[in-house]
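Trainee: Below, each chain spelled out in residue letters.
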Amino acid sequence: MGLALGAVFVYASLDKIAKPLDFARILYHYQVIGPSATLPPLLPNLVAVTLPWVELVAGVMLIVGVLRREAAAVTGILLVVFLAAVGSALYRGIDIENCGCFVVSGEGRRAGLHLILSDVALLAAAAFLVRARPLTSTGPDA
Amino acid sequence: MLFVVRALAIVILGCGLGLAWNSASGRGLALSQNVFVKPGDELVDAAAAKTRLDKGALFLDARPIDFYEMSHVPGALPLPEEHFEKAFAAIEPRLRGSFDVIVYCAGYGCEASHIVSRKLKQRGVPAAILHEGWPAWTEAGYPVREGKQP
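Protein chains in written order, with our numbering: chain A, 1 to 142; chain B, 1001 to 1150.
Isolated chain B, as found in the complex (with noise of 0.2 Å):
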């Protein structure tokens, strides 16, 4: 019994040593705020994306190619991750050219979408992300199409 409550006073130690930190050391977070998001992150979830693809919004797929080509969101264009600069340099035109777009990747653990948001402002074209990407689509029943047509 002794052992475990040693083994306890191991751990609560730590954590109280941990939470002391993060709020004592200046760069701690705030516990209760989504890490990939950042500020000047534009969210828009599952039911207000569907109304802005019915008016005409330019849906990226950030998700690796394979996963575009077995489903994705009907229109949508893939800009994977990973391969950002060339498949952008694809899609410029069309991208310079649309009024609203909105970023998606794989969903909670997938931070693909707010890295290609963030990277295309940097290139001046604004983009919104789904929030809680392609899951959050999907169990709303919302269209997806197969292949590699958009």
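Okay, chain A solo, but in the shape it has when bound (with noise of 0.2 Å):
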């Protein structure tokens, strides 16, 4: 399970690192993080160019199995954050053509129902891989 969540951020990273611009605007449509009147455009910019790049660490750490828990909390928490960032915009009836989930120039997923439901599957996944014993144990008395 580690090696699939895994394999997913690190895929999900992968464009958001070669098209930095492209995700910044994606990350403006959501209107969560600024820019507005009071927000400069400094948050989603800085979010834009570190944000995958955490996906990109924890990925490659739950394949390899290196801070195994470590790592799928961290993608916990932003699967929490996308989804925040998702329910926010769907409740402001911000229609969001691509979510910027995994390819952020032309066409990508929309951000709806089908969205949520996939990124609370992998939130599972995340939640059962952080209790799940650490991979060092060597039996079921370790």
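It should be emphasised that the hints constitute simulated quantities derived from the structure, not laboratory data.
Glycine residues also receive a C-beta, built at the ideal position from the N, C-alpha and C atoms.
Treat each hint with caution, since some may be false.
What the hints assert, rightly or not - When the alpha-carbon atoms are kept at most 27 Å apart in a straight line, the in silico DSS-like pairs for lysine-lysine are as follows:
#1 B:K1148 with B:K1055
#2 A:K19 with B:K1121
#3 B:K1119 with B:K1050
#4 B:K1121 with B:K1086
#5 B:K1055 with B:K1121
#6 B:K1119 with B:K1148
#7 A:K19 with B:K1148
#8 B:K1050 with B:K1148
#9 A:K19 with B:K1119
Stated by the list, open to error - Output of the computed footprint for chain B on chain A, the stretches with three or more beta carbons under 8 Å from beta carbons of chain B:
#10 30-39
#11 53-66
#12 69-76
#13 109-115
Two chains, each in its own frame: build the complex with the hints.
Mentor: Right, dumping it as structure tokens:
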């Protein structure tokens, strides 16, 4: 399960890392962290350049099995943030044509119920991994 | 506690790599700059736009037509970004005869006014962009008009 969740996060990070400007553009569309009358573009731009790398590092750690529970916790927190952003956009009637989940330029997944359900499924997997016994355990009594 | 520190270390490592890549890759973002704005875009704030409206500037509404019909800047013509070609053809003579054109859209998360402005420029119609769009106009208390008529 760690391998699958890690692969999802590594794949999700690649296009965002290659095209930070397009990812920033999508973050603007959410209208959660700016820019706005009170929030400068600095915050969404910072998120655009750092978040994909957090996804990549956590994903790689899940795949190779280093700090697996901690990496799963990070992916879980990211998924909660994603769910909050999508839920907030839907609640305010903002139409997000491309959620920025995997592909940031051209056609992407629309933010909607399907996206929420898939994020919840990934969140359940992350929670399972956080609670799972570390791989270094040698047996049921270890 | 160690668990939290390790998780934080993953986040910090990711952020550090991201910032380093942004400055070293050659295709990073200018962090303090709005990514919707490109060189050559002319931005005007709401007060300047109102002054230009009073002097006869033509306003273009780049939002979907339903939003235009709900409320728009008095005198503005609809030029929704998703139907640009058709809408442009319908109003081209009027655009060619205008000395001052300003485009606006739904505001902070909206890129349509920037896209429409660039398309107009490609067709030889220079057009300024209302900075922060429709919300800036309405929050300033400037006049609006409802319905299909400009």
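Trainee: None of the hints should be skipped; say for each whether it holds.
Mentor: Each hint, compared with the structure:
1. B:K1148 with B:K1055: Roughly 23 Å between the alpha carbons, so the hint for K1148 of chain B and K1055 of chain B holds.
2. A:K19 with B:K1121: Measuring from Cα to Cα gives roughly 26 Å; hence the hint holds.
3. B:K1119 with B:K1050: 23 Å, holds
4. B:K1121 with B:K1086: 17 Å, holds
5. B:K1055 with B:K1121: 22 Å, holds
6. B:K1119 with B:K1148: 24 Å, holds
7. A:K19 with B:K1148: 39 Å, violated
8. B:K1050 with B:K1148: Holds: K1050 of chain B and K1148 of chain B sit about 21 Å apart, inside 27 Å.
9. A:K19 with B:K1119: 23 Å, holds
10. 30-39: holds (count 6)
11. 53-66: n = 7 at 8 Å, threshold three: holds.
12. 69-76: holds (count 5)
13. 109-115: violated (count 0)
Of the numbered hints stated above, those contradicted by the structure are hints 7 and 13, listed in ascending order.
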